[in-house]
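Put the two chains together into one complex, using the hints given.
Residue numbers (the numbering used here), protein chains in the order written: chain A, 1 to 389; chain B, 1 to 173.
No wet-lab data here; the hints were simulated from the structure.
Below, computed lysine-lysine pairings styled on DSSO-like, alpha-carbon distance capped at 27 Å:
# : chain 1 : residue 1 : chain 2 : residue 2
1 : B       : K129      : A       : K69
2 : A       : K75       : A       : K123
3 : A       : K4        : A       : K96
4 : A       : K108      : B       : K129
5 : A       : K96       : B       : K129
6 : B       : K129      : A       : K67
7 : A       : K75       : B       : K129
8 : A       : K115      : B       : K129
9 : A       : K12       : B       : K129
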Amino acid sequence: MRYKLLTVDDSKTVRIIVRKAFKGFDCEILEAVNGVEGLAIAAKTMPDIILLDVTMPVMDGVEMLTKLKSDPGLKAIPVMMLTAEGGRENVLRIAKIGVRDYIVKPFKEEVLVEKCGRIIDLKPLNEGAAKSRSIFDPADILVVEDKPAIIQQIQSGLKHTPWKIRGVASQGEGLDVCSKGSPDLILISLSLPDDGAFTLFRLLRANPRTKHTPIFALMVKTETEQQQEAQTVGFSAMITKPIDPGELESKIAKAMNLDTSQRYFSLESDCLVMRLPENSSASVLAEASIYLKPKLTATVDAGFNKVVIDIQPLKSLHMGVIKILFQAMQLCRELTLHYALVGNAQIIAECKGFEDTRTWTFHESVDDAKASLAKSAPPTPVAQLAEVS
Amino acid sequence: MPVVVEITESVIRQNIERAITEVFRTMIRAESSLMTAGETFAAPDYAPLEPHRPQVVGTVGFIGSANGLIYLYFDLAFARFCTCQLTGMTEGELEENGDEVINDAIGELTNMTVGTFKNALCDAGYPCKLTIPSIVRGTNFSIEPIGAATRHIFNFNCAGHLIVADILLERDE
Numbered sequence: 001m002r003y004k005l006l007t008v009d010d011s012k013t014v015r016i017i018v019r020k021a022f023k024g025f026d027c028e029i030l031e032a033v034n035g036v037e038g039l040a041i042a043a044k045t046m047p048d049i050i051l052l053d054v055t056m057p058v059m060d061g062v063e064m065l066t067k068l069k070s071d072p073g074l075k076a077i078p079v080m081m082l083t084a085e086g087g088r089e090n091v092l093r094i095a096k097i098g099v100r101d102y103i104v105k106p107f108k109e110e111v112l113v114e115k116c117g118r119i120i121d122l123k124p125l126n127e128g129a130a131k132s133r134s135i136f137d138p139a140d141i142l143v144v145e146d147k148p149a150i151i152q153q154i155q156s157g158l159k160h161t162p163w164k165i166r167g168v169a170s171q172g173e174g175l176d177v178c179s180k181g182s183p184d185l186i187l188i189s190l191s192l193p194d195d196g197a198f199t200l201f202r203l204l205r206a207n208p209r210t211k212h213t214p215i216f217a218l219m220v221k222t223e224t225e226q227q228q229e230a231q232t233v234g235f236s237a238m239i240t241k242p243i244d245p246g247e248l249e250s251k252i253a254k255a256m257n258l259d260t261s262q263r264y265f266s267l268e269s270d271c272l273v274m275r276l277p278e279n280s281s282a283s284v285l286a287e288a289s290i291y292l293k294p295k296l297t298a299t300v301d302a303g304f305n306k307v308v309i310d311i312q313p314l315k316s317l318h319m320g321v322i323k324i325l326f327q328a329m330q331l332c333r334e335l336t337l338h339y340a341l342v343g344n345a346q347i348i349a350e351c352k353g354f355e356d357t358r359t360w361t362f363h364e365s366v367d368d369a370k371a372s373l374a375k376s377a378p379p380t381p382v383a384q385l386a387e388v389s
Numbered sequence: 001m002p003v004v005v006e007i008t009e010s011v012i013r014q015n016i017e018r019a020i021t022e023v024f025r026t027m028i029r030a031e032s033s034l035m036t037a038g039e040t041f042a043a044p045d046y047a048p049l050e051p052h053r054p055q056v057v058g059t060v061g062f063i064g065s066a067n068g069l070i071y072l073y074f075d076l077a078f079a080r081f082c083t084c085q086l087t088g089m090t091e092g093e094l095e096e097n098g099d100e101v102i103n104d105a106i107g108e109l110t111n112m113t114v115g116t117f118k119n120a121l122c123d124a125g126y127p128c129k130l131t132i133p134s135i136v137r138g139t140n141f142s143i144e145p146i147g148a149a150t151r152h153i154f155n156f157n158c159a160g161h162l163i164v165a166d167i168l169l170e171r172d173e
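Next comes chain B alone, as it looks inside the complex (with noise of 0.2 Å):
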């Protein structure tokens, strides 16, 4: 049996960022980093997250000795780069397929994050499972938790757009 480690603050922090980089950098070909508190954009096309913007939302979550659920926040225009750059679709065949590929495709990009945030879980003693994933989009809206969960949110720059990753753990009773 693996060593039980403590799920604090910093190993959320290492196993999400250690999550996003590599999911995006091994299917999007994009380098991201995470931002820390108060930085901005560079990049001068940057388009903040704005609730009033169209968003897609992937959420998958994990049950076992670790119990949560992860957000990924993307803008449309960059989850329509991730669906073009995963299925080699262009921009045209995208328009002809409809929404569900791009929701198909980010889901499946926050079931690898999640999985792989997840899998370093249980690898430091919390076995656990993927959950299905689903999609939540639209304009003008907020998910907020329940009062039974603690929320770690987490921004990345991803080649230049943000990725925001909203983390809800299930507290110890």
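In isolation and in its complexed conformation, chain A is listed as follows (with noise of 0.2 Å):
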């Protein structure tokens, strides 16, 4: 959902500030220049928040105030003063007549953003296009860890990945680098000096640029009072130490949302490439297993008919590869795709060994299944389309 958020203010600087504070947001921003403009664009667009000065021409903003709670139709519209005119008086004559929050000018545009948080739920711009990042594309990875040694690892275990790993070593640290950007993901060390971790956890949550980004928790796995603790107050993950970076990565990758499936399936000229990784345990099998039907079913829908399953990176075989590959296969007979296989020398005696796999013809190469597969299957329509143009 978008909300919009109404600034009624004779100031074009001010609404100015207003539209840069909320640029990283996913909400509209609607102006005002007066009361009378904005009572006219509050009953017209319902906004979710209306930022109000005091002093302006026309009609000022006690007077709409005034005149907005008294309307059935948009009391319910919360306000938040946003003005010069400050005081204690006038701050407790005009919030008696009905605003959900009072910021007097000068005001900082994180601390804005920061009360309007608290009203609405202000969502990053990011976010709702993170179903459509991958695995491949750059991602801002913040590490809090007092211990320089784990941030090293960290960095070095994630080395091969194009996200940027940057280690603070402090709480304040953590939030300095928070209020200039938003990290994709952090990570927080549960050793950080005076419970320091679950302080900065809470600052972030209560912060909008940070509310919804995912946060893990990082800790020793006899810890089990603090694993607890980081359950209850909300971490988005646990990763214990010592760290193993395959698991890290592909915690990382299910908490950002990332399409993964460019590891394991690619389009290669007229041809779907099922790759499984070297390390093909049993969260990467369950994985490249998600988007096994997907990918199949959209080589067909996009007139391609051959698929190439290559397991050469594989160095021994196991049930759960063997379990794939057979559905693997079985979805390709069911959508008539023509496929082949390829793998090594190893794979290949290994599959001898097996009853259900000791029929299973293998190529030494990509080139070579993909050069079988033209011999064996007719041209993809899309293919014919490219002869006849």
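Here you go:
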């Protein structure tokens, strides 16, 4: 849901600052230059929040607020005063008419956003786009850890990814980084002194910029009490030390809702290539199998009819791999897709040892498999079209 | 009801010093300091506010138990800098948008400064309200108060630029 925020201020400068402050959030900014315009726009658009100045020509903010609160259709709209008109008595008098908050100018943009975030559930703009982000897209990951060796381990373990891993040693530095930008994911060590991890977590959750950012807890496995507390307060995931980079990468991808299908599937000319990585652990195979049916279906839908199943990178065969290969071949047959297998000497030899896999035929390279498919399978409609043109 | 504090020269100085410091630190991210009598700028690029140079002057009044008017004088170059800082515009964008944006930005800075100044008066027992800002700009002009007002002038060094606060207060009858 896209929130509507109405700023009523005779100063164009303030309206520009408001627009600037909410630039990174999924909300629409509406503008009015005085109370009369403000009431008209409020009635027409029913904004989710109104930021209201006091001193304005034509109709001032107090009059607009009074009229708004006496209108049954508009009185529920939350109003936050944003004005240079302060002083205890003034503030109390205006607050009595019915305002949700009161900011006296001068003001910091962060404070404005933070206070609005308490009234409406502001979401950063990139959150909606996260679904379409892939594992090969850059991302900004912040690690708040007082032990430099752990930061180095994480940086080294994820160095093959396009992610930028930034490490800071304290809660204050973490907050500073988050005030300047919005990391895509934050890892906080529970070993920060004085319960710093939990304080930082609460502060980040109170800030609309980081309210929805996945936050992981880094901990030692035996610290069960801390682990329980982290789960209770709502950390997105737990990462235990010593850190397993594969597990961390997988959890990060999941938390950021990244499309990881490109790890296993790629369309190469008129052929879908399914490739299992060297480390095809249970979690990797589970992830690959999620994409299996949609990718094969999409291949047919796009007008292609060839699939290469490449398990060359694997060092050995195990039941999980056999199971997913059976599943893939079965789906290919159901969808009338022509497929070919590619394996290395070790895998081919291991397949000969199992009753169910003995008859499988392998090619030595993806190119060989493609050439074989080109001979056996009829050309795809797309290829035919290309030939005609 | 708050205890009414007499509006002395010292109260005025404290209030305007706090107002200028707070507004320019928060909105422009620049530190300001009140200059003492006879103090000159150390900054080498300082260009003093001279009447023949282009100036932008913001004015906001306050009316109620205390009545007055504050003028804030800006050198045009500094007014442009403040506008860019406030709005996030580049010099090029500022050029495209014309003087109206600068006038509005200086009006708003003056509004915030006078607001902070007069809010302190409100809390000291002088309830009053702000008026709508206005702008005077040009070269070679001076603004003179009417006879019934007391005048206090303070110079501020804001990141190497001069800001002059000219405060006119209505005399008690």
